[in-house]
Amino acid sequence: DGGITQSPKYLFRKEGQNVTLSCEQNLNHDAMYWYRQDPGQGLRLIYYSQIVNDFQKGDIAEGYSVSREKKESFPLTVTSAQKNPTAFYLCASSMAHGYTFGSGTRLTVV
Amino acid sequence: GDSVTQMEGPVTLSEEAFLTINCTYTATGYPSLFWYVQYPGEGLQLLLKATKADDKGSNKGFEATYRKETTSFHLEKGSVQVSDSAVYFCALSRISGSARQLTFGSGTQLTVLP
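In the order they appear, the protein sequences are chains A and B. Residue 445 is where the first sequence starts when you use our numbering, and the numbers rise one by one after that. Residue 3 is where the second sequence starts when you use our numbering, and the numbers rise one by one after that.
Read the hints as simulated data drawn from the structure, not as lab findings. Keep in mind it's a predicted model, so treat the numbers as computed, not measured. Among the clues, some could well be false.
[Claimed, not checked] Derived DSSO-like pairs (lysine-lysine); straight-line CA-CA distance at most 30 Å:
(1) K501/A - K54/B
(2) K453/A - K62/B
(3) K458/A - K527/A
(4) K515/A - K453/A
(5) K501/A - K458/A
(6) K453/A - K501/A
[Claimed, not checked] Far from chain A, by Cβ distances over 12 Å, these chain B residues were calculated:
(7) L15
(8) N24
(9) D56
(10) K62
(11) R69
(12) S87
(13) S108
(14) V114
(15) P116
Backbone N, C-alpha and C fix where the C-beta goes; we use that ideal spot for every residue, glycine too.
Same shape as in the complex, but just chain A:
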């Protein structure tokens, strides 16, 4: 079955360390996205990519970086510059008629 795989489901890191969240899709979707979700808030767009080797900042890109070397993969790095990295991170992909979300990675920075 086609879908989006995010790994790991739970991730713990020490403050000041960079951490990379994985997102892989086998839907052949061109566009991919990273959203951040905080308790009681909606999803906020971090970065998105329309094609390989191209990506754009979303509403809250500061402290994050991405790459899109392959159509299937869109990893997100949470850098030490991100002041409040503890959150639930959702990856998504889309074609013309629909959006598909991964199951998310819960990052906790201690």
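Once you have looked at the hints, place chain B on chain A.
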């Protein structure tokens, strides 16, 4: 810019009660409108959608009608079940190149008691 405003939760209902979750939006043009559902610890699943004015989206007993005159897309269900307990997000989308950017409301937590 685009924005979505949802009824604040949490909402607690008894099984078989009628559900309404209000959603209004601000956008130029004719965005597509969506309701997503999120079960604990999971990603979002599309519940229903409407792509033009007066369209009614429906799925699993849930319904929402795209009302351009009131810029609303309220979610309704005639008889909720315990299994409907989840967080519900209203969203709108517009296309930018090959990307479909979604703008979300803040989400409404629904708890259905047996």
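Hey, does D56/B actually stay past 12 Å from chain A on C-beta? 20 Å, holds
Given the proposed pairing of K453/A with K501/A, does the C-alpha separation stay at or below 30 Å? 24 Å, holds
Grab the minimum beta-carbon distance between N24/B and chain A and tell me whether it stays above 12 Å. N24/B clear of chain A: closest Cβ-Cβ about 15 Å, beyond 12 Å.
Distal placement of S87/B relative to chain A, Cβ over 12 Å: 17 Å, holds
Hint consistency between K458/A and K527/A [alpha-carbon to alpha-carbon, up to 30 Å]: Satisfied, since the Cα-Cα distance of roughly 13 Å is no more than 30 Å.
Does the alpha-carbon distance linking K453/A and K62/B stay inside the 30 Å limit? The hint holds at about 28 Å.
Claimed clearance of chain A by P116/B, with the beta carbon kept past 12 Å: 26 Å, holds
Taking 30 Å as the top limit, are the C-alpha atoms of K501/A and K54/B close enough? 28 Å, holds
Within a Cα-Cα threshold of 30 Å, do K515/A and K453/A meet the stated pairing? 22 Å, holds
Hinted pair, alpha-carbon criterion (30 Å max): K501/A, K458/A. Please report holds or violated. 26 Å, holds
According to the definition I'm using, a residue is off the interface if its beta carbon is farther than 12 Å from all beta carbons of the partner; does K62/B meet that for chain A? 17 Å, holds
Using Cβ atoms and 12 Å as the threshold, tell me whether L15/B really stays out of contact range of chain A. 20 Å, holds
Checked against the numbered hints given earlier, this structure breaks only hint 13.
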